[in-house]
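What follows is the residue order along each chain.
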Amino acid sequence: MIGAEFVALSLPPILIGCLAAIACAIPGNFLLLRKQALIGDAISHVVLPGIVVGFLVSGTVSTWPMMLGAGGAALVAVLLIEGIRRVGKLEPGAAMGVVFSTMFAGGVLLLEQSDTSSVHLDVQHALYGNLESLIWLDATGWASLLDAQALAGVPPELPRMAITCLIVTGVTALLWRPLKISTFDEGFARALGLPVRALGLALVIMAAMAAVAAFDAVGSIIVIAMFICPPAAARLMTDRLAHQVWLSVGFATLSAVMGYVLAGYGPLWLGFENSVSAAGMIATVSGLILALAAVLGPRRAPRVA
Amino acid sequence: MTLGLAARDGRIVAPDDTTAAPLAVRGLTVTYGEKPALFALEATFDAGVMSAIIGPNGAGKSTLLKAVLGMVTPVSGNIRAFGRPVSEVLSRIAYVPQRATVDWDFPTRVIDVVLMGMARELGLLRPIRQDHRDRAVACLSRVGMEHFADRQIGQLSGGQQQRVFLARALAQGAELYLLDEPFAGVDAATEKTIVAVLKSLRDAGATVVVVHHDLATVASYFERALLINTTRIAEGPVADVLTSETLQATYGGRLAQAQLAQILG
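Just so you know, the sequences run in chain order V and Z.
Residues in the first sequence are numbered from 3 upward in steps of one, following our numbering.
Residues in the second sequence are numbered from 22 upward in steps of one, following our numbering.
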């Protein structure tokens, strides 16, 4: 397993899976504490119509039009959710549910009606992504990691996901204090003069960015799972926000690595011939980690003041 | 009738609108939807005085504090702190929100909450040094909570939570303290501690404004009182302001004669 074949076939998807998982888990921590965790679900669904529109406008499945479409759709969804919440005086969960189910359904209809049969664009791809196909054909072994010519051939999802992860991490570190204060006590944050609304918007934009980039690379199942499972499991393990965020990064990485390996080799170990979807397995592992934390975590009991 | 007119065209006609008082509110009108929460409210809070804001539920007490701090946008009116727009002097104002507005299951420790009070001086990235921590612990010991610094906030009782909130306000090092129902649901020891701390702040020259709901303790805790029910009913020294007429006007006849007798001694 640890050889030329590993570097070419398994290393890129594992790295992309880890980066996608981490990029989603970090903003997920704050969304979870703000009781907005569903927004990850919402964003990952609404990017489908965005991607279809991007395809219809550009006529190709190239990345940038589809990313732009996805980003645009995420923005429209966020504005719609805010609008419905304010005008209809609905709770955020209801507003999100209305917006993301409608937009996702619209995306499915659009996809069916448009001529996408010739290209690789379908609902299944949107849900599960195609992590296994992100291979690095130019790699001949570990030495290729230092070979500029070979490095030029890495799947473009890898640098894109790395940059996204870097931006998410950087913005979170920079805005750590105001994000923490406004998440804990919005009234006090306002009294301090912190731009509470802008901070909330920055968090959602950061989540949308992570969701769109990760969706393109690994599909929406991982996105939805990573926004919620690693932060929720981490919350059950600690009572310190910084520890929670670090733990969630660890759980996200563990899910990605274990999920990929189990999907590829698990069925073989059990005597089956085939392998299963890596995205599905990664999401399943993150769910199992959450289940374990819920049963064994030291902070699982909500306290009554 | 001047007040009504002032509110209608949104300008201030009161003669002392240039006051440098720590907090001056002129012609303040706030509405939630179509229902006015505050109407043409006038109030002045002088330096070095401890004042109570009194009124029934829904009278606009919390709304007044929120409007002062810019959390709700008034329809009309003018609010000045230290003679300037509030947004320019936020660093001189400390705020203690209602305890119930916060998720006490949030993953953080008591000392971290107090350090939030220093957010303005710490900025985004300045590291928290030992002297910041020492100051935070000093604020905690003023409210008798220094031994709880490393506790998770969810482990505190209601009274302890309120003391931590006060310690956070102390860490802000402000000149004007705005507190929203700090005595709601706290034990007697906590109430005593909070009153003592607030009186020491006042003695040091700070201005303390407290939304208060217990009429029986107004006279012993505060020097001045503002009685409101959407608009100002009375304002002045507690002894002058707490009369059976003003209380009946504020509470709309909801106070029984026995209660009135008790409050007025």
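To be clear, the hints were calculated from the coordinates, so they are not data collected in a lab.
Keep in mind that this is a model prediction, so the values were computed, not measured.
Possibly wrong hints are sitting among the right ones.
[Unchecked claim] Quick look at which bits of chain V chain Z covers, simulated, 3 or more residues with Cβ under 8 Å:
id	region
1	95-103
2	189-198
3	231-244
[To be verified] Derived pair list, reagent style EDC-like, types lysine to aspartate or glutamate, alpha-carbon separation capped at 20 Å:
id	chain 1	residue 1	chain 2	residue 2
4	V	K37	V	E188
5	Z	K213	Z	E167
6	V	K91	Z	E55
7	V	K37	V	E93
8	Z	K213	Z	D235
9	V	K37	Z	E167
10	Z	K56	Z	D67
11	V	K37	V	E275
12	V	K37	Z	D124
[Unchecked claim] Example chain Z residues on the side facing chain V (calculated, C-beta under 10 Å, incomplete):
id	residue
13	G104
14	S108
15	I114
16	L146
17	R150
18	Q151
19	G175
20	R189
21	L199
22	L236
Note that beta-carbon positions come from the ideal geometry of N, C-alpha and C, so glycine has one too.
Status of each hint after checking the structure:
1. Counting residues of the region 95-103 of chain V whose beta carbon lies closer than 8 Å to any beta carbon of chain Z gives 0, which falls short of the minimum of three for the stated coverage.
2. Here the region 189-198 of chain V counts 7 residues with a CB under 8 Å from a CB of chain Z, which clears the bar of 3, and the coverage holds.
3. Given a C-beta distance limit of less than 8 Å, the hint that chain Z covers the region 231-244 of chain V holds, as 5 residues qualify and 3 suffice.
4. At roughly 13 Å between alpha-carbon atoms, K37 (chain V) and E188 (chain V) fall within 20 Å of each other, so this suggested pair holds.
5. Proximity of K213 (chain Z) to E167 (chain Z) is assessed by CA-CA distance (about 17 Å); at most 20 Å being required, the pair is judged to hold.
6. For the hint linking K91 (chain V) to E55 (chain Z), the alpha-carbon distance of about 15 Å falls within 20 Å, and the restraint holds.
7. Restraint check for K37 (chain V) and E93 (chain V): the C-alpha separation of about 11 Å stays at or below 20 Å, so the hint holds.
8. Under the criterion of a C-alpha separation no larger than 20 Å, the hint pairing K213 (chain Z) with D235 (chain Z) is consistent with the structure, at around 14 Å.
9. With a C-alpha separation of about 31 Å, the suggested pairing of K37 (chain V) with E167 (chain Z) is violated against the 20 Å cut-off.
10. The straight-line distance between the Cα atoms of K56 (chain Z) and D67 (chain Z) is roughly 30 Å, outside the 20 Å bound, and the hint therefore fails.
11. Simply put, K37 (chain V) and E275 (chain V) have alpha-carbon atoms about 43 Å apart, too far for the 20 Å limit, and the pair is violated.
12. Taking the CA atoms of K37 (chain V) and D124 (chain Z), the gap is about 11 Å. The hint holds against a cut of 20 Å.
13. The criterion of a C-beta within 10 Å of any C-beta in chain V is not met by G104 (chain Z), whose closest approach is roughly 18 Å, and the hint is violated.
14. Look at S108 (chain Z): its Cβ gets to within about 7 Å of chain V, closer than 10 Å, so that hint holds up.
15. Against a cut-off of 10 Å between C-beta atoms, the interface hint on I114 (chain Z) holds, since the closest Cβ of chain V lies about 7 Å away.
16. Proximity of L146 (chain Z) to chain V holds as hinted, the smallest CB-CB distance being about 7 Å (cut-off 10 Å).
17. For R150 (chain Z), the interface hint is violated, the least distance from its beta-carbon to any beta-carbon of chain V being 15 Å, above 10 Å.
18. At a threshold of 10 Å, the smallest CB-CB gap from Q151 (chain Z) to chain V is about 18 Å, leaving the interface hint violated.
19. Interface restraint check: G175 (chain Z) against chain V, minimum CB-CB distance 4 Å, threshold 10 Å, status holds.
20. Hint status for R189 (chain Z): holds, given a least beta-carbon distance of 8 Å to chain V, under 10 Å.
21. Nearest Cβ of chain V to the Cβ of L199 (chain Z): about 8 Å, under the 10 Å cut. The hint holds.
22. Given the 10 Å rule on beta carbons, the hint for L236 (chain Z) is violated: about 26 Å separates it from the nearest Cβ of chain V.
Checked against the numbered hints given earlier, this structure breaks hints 1, 9, 10, 11, 13, 17, 18, 22; the rest are met.
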